[in-house]
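Trainee: From first to last, the protein sequence lines stand for chains A and B.
First residue of the first sequence: 45, per the numbering used here; consecutive thereafter.
First residue of the second sequence: 30, per the numbering used here; consecutive thereafter.
If you're looking for bench data, these hints aren't it; they were derived computationally from the structure.
C-beta: ideal position from N, C-alpha, C; glycine also.
Careful: at least some of the hints might be erroneous.
Stretch by stretch, here's where chain A covers chain B in the computed footprint (C-beta under 8 Å, at least three residues) [stated by the list, open to error]:
no., region
1, 72-86
2, 89-103
Distance windows between CB atoms, simulated [unchecked claim]:
no., chain 1, residue 1, chain 2, residue 2, range
3, B, Val73, A, Ser153, 18 to 24 Å
4, B, Ile71, A, Asp179, 52 to 58 Å
5, B, Val59, A, Ile260, 50 to 56 Å
6, A, Glu150, B, Lys98, 44 to 50 Å
7, A, Gly154, B, Ile71, 43 to 49 Å
8, A, Val101, B, Glu60, 36 to 42 Å
Calculated from the model, a selection of chain A residues having no Cβ within reach of chain B, i.e. all distances over 10 Å [stated by the list, open to error]:
no., residue
9, Ile66
10, Leu76
11, His80
12, Glu81
13, Asn127
14, Gly154
15, Ser160
16, Ile163
17, Leu172
18, Ile178
19, Lys186
20, Ile198
21, Leu206
22, Arg208
23, Asp211
24, Ile260
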Amino acid sequence: MKFIYQMWWKVLAVALVLSTFITGLLLRVPRLPIIHETIRNLYFHVPMWMGMLTVFVVSVYYSVRYLNTGKEEHDLAAVECVNTGLIFYSLGLLTGMLWAKYAWGEYWSGDPKQNSAAIAFLLYCAYLVLRNSIDEEQKRAKISAIYNIFAFPIMVVLIFVLPRLTDSLHPGSGGNPAFGRYDLDNGMKLSFYPAMLGWSFIALWIATVRYRIRLIENKKNAIN
Amino acid sequence: MPLINMKKLAFLLSLIFCFTAVSAQQTQSVEMADVLRSSGKIYVVIATICIIFIGLALYLFSIDRRLKKIEKEN
Numbered sequence: 045m046k047f048i049y050q051m052w053w054k055v056l057a058v059a060l061v062l063s064t065f066i067t068g069l070l071l072r073v074p075r076l077p078i079i080h081e082t083i084r085n086l087y088f089h090v091p092m093w094m095g096m097l098t099v100f101v102v103s104v105y106y107s108v109r110y111l112n113t114g115k116e117e118h119d120l121a122a123v124e125c126v127n128t129g130l131i132f133y134s135l136g137l138l139t140g141m142l143w144a145k146y147a148w149g150e151y152w153s154g155d156p157k158q159n160s161a162a163i164a165f166l167l168y169c170a171y172l173v174l175r176n177s178i179d180e181e182q183k184r185a186k187i188s189a190i191y192n193i194f195a196f197p198i199m200v201v202l203i204f205v206l207p208r209l210t211d212s213l214h215p216g217s218g219g220n221p222a223f224g225r226y227d228l229d230n231g232m233k234l235s236f237y238p239a240m241l242g243w244s245f246i247a248l249w250i251a252t253v254r255y256r257i258r259l260i261e262n263k264k265n266a267i268n
Numbered sequence: 030m031p032l033i034n035m036k037k038l039a040f041l042l043s044l045i046f047c048f049t050a051v052s053a054q055q056t057q058s059v060e061m062a063d064v065l066r067s068s069g070k071i072y073v074v075i076a077t078i079c080i081i082f083i084g085l086a087l088y089l090f091s092i093d094r095r096l097k098k099i100e101k102e103n
């Protein structure tokens with residue numbers, strides 16, 4: 045666990061994200077009707093989901109670890125990862141809505157991608173509700189770990205699989221190409237990949253800070 | 030322990046900034062923010078965003094440092 049106290053990857057994360065603000069706004073992007081310059085949102089909206097996914101994966105990892113070892117810290121790590129993930133989830137939804145307003149005409153047009161993202165959001169809110177409804181600590185940790193392990197694949201299917209199987213306005217769905225096609229013939233990857241990596245590490249960083257605070261709080265509570 | 034391994038950092042930074050490939054230009058008449066760009070004022074926006082982000086990042090670093098101190102006391 046020494047990794048979470050190290051500095052280099054936090055500096056790297058900041059540098060990566062910072063570089064995308066400069067390259068992402070200055071480098072040339074494909075000239076496409078309707079989306080125009082909003083195509084640059086690709087560097088800011090999509091990495092929110094990447095950050096969310098990263099901390100949720102870490103959360104599932106620690107839920108599994110908890111069930112294996114029964115160590116309380118693993119449970120705390122899992123919760124704080126979900127808490128951080130939900131921040132990035134909200135940011136992803138909000139930026140998506142704003143982009144949708146100017147690309148699709150409505151903040152919320154009931155698109156399959158939007159609807160299933162909203163359902164998966166509730167799925168994770170239910171995780172926090174479930175946790176808070178159980179007083180006994182070990183029981184709470186065990187039940188929420190199991191819930192978390194099941195919630196993750198359902199979230200992935202809801203957000204990343206089901207919308208692709210139907211017609212959706214969102215890129216990457218129902219014959220509607222994702223941005224991957226445009227990435228290939230221009231320099232969008234130069235900003236896109238650093239953004240994905242950078243925001244993932246930022247999300248991880250916030251999660252580790254929350255986890256460390258939680259550890260101290262937990263220790264204080266145990267003493268009292 | 031040095032806070033930041035400078036060699037590692039320099040290497041990573043150079044990795045990020047060494048790509049300067051410029052994409053092939055498409056010649057369709059689709060409206061883009063060319064005026065904003067030609068007047069040079071897009072840099073103002075970039076600078077604003079960068080200041081905000083650097084500020085938030087420094088804030089996160091300071092929280093991290095304070096936390097480290099508290100962790101040592103406990």
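Trainee: Each hint: holds or not?
Mentor: Now the hints, each set against the structure:
1. 72-86: Our answer is that it holds, as 7 residues pass the Cβ test (under 8 Å) against chain A, meeting three.
2. 89-103: holds (count 9)
3. B:Val73 with A:Ser153: 18 to 24 Å: 33 Å, violated
4. B:Ile71 with A:Asp179: 52 to 58 Å: The hint (52 to 58 Å, Cβ to Cβ) holds, given that B:Ile71 and A:Asp179 are roughly 55 Å apart.
5. B:Val59 with A:Ile260: 50 to 56 Å: This hint holds: roughly 54 Å between Cβ atoms.
6. A:Glu150 with B:Lys98: 44 to 50 Å: For B:Lys98 against A:Glu150, whose Cβ atoms are near 49 Å apart, the range 44 to 50 Å holds.
7. A:Gly154 with B:Ile71: 43 to 49 Å: 35 Å, violated
8. A:Val101 with B:Glu60: 36 to 42 Å: The hinted range 36 to 42 Å holds for A:Val101 and B:Glu60, with Cβ atoms some 40 Å apart.
9. Ile66: Incorrect as stated: the minimum Cβ-Cβ distance to chain B is 6 Å, not above 10 Å.
10. Leu76: 6 Å, violated
11. His80: Check fails; 6 Å does not lie beyond 10 Å.
12. Glu81: 5 Å, violated
13. Asn127: 15 Å, holds
14. Gly154: 28 Å, holds
15. Ser160: Holds, because the least Cβ-Cβ distance between A:Ser160 and chain B comes to about 31 Å, which exceeds 10 Å.
16. Ile163: Given that every Cβ of chain B is farther than 10 Å from that of A:Ile163, nearest at about 31 Å, it holds.
17. Leu172: A:Leu172 clear of chain B: closest Cβ-Cβ about 23 Å, beyond 10 Å.
18. Ile178: Fine: 27 Å to the nearest Cβ keeps A:Ile178 off the interface.
19. Lys186: Non-interface label on A:Lys186 holds, nearest chain B Cβ at 27 Å vs cutoff 10 Å.
20. Ile198: The claim holds: A:Ile198 sits with its nearest Cβ about 31 Å from chain B, beyond 10 Å.
21. Leu206: 32 Å, holds
22. Arg208: Its Cβ never comes within 10 Å of chain B, the nearest being 27 Å, so this holds.
23. Asp211: 25 Å, holds
24. Ile260: 6 Å, violated
Checked against the numbered hints above, the structure breaks hints 3, 7, 9, 10, 11, 12, 24 and satisfies the rest.
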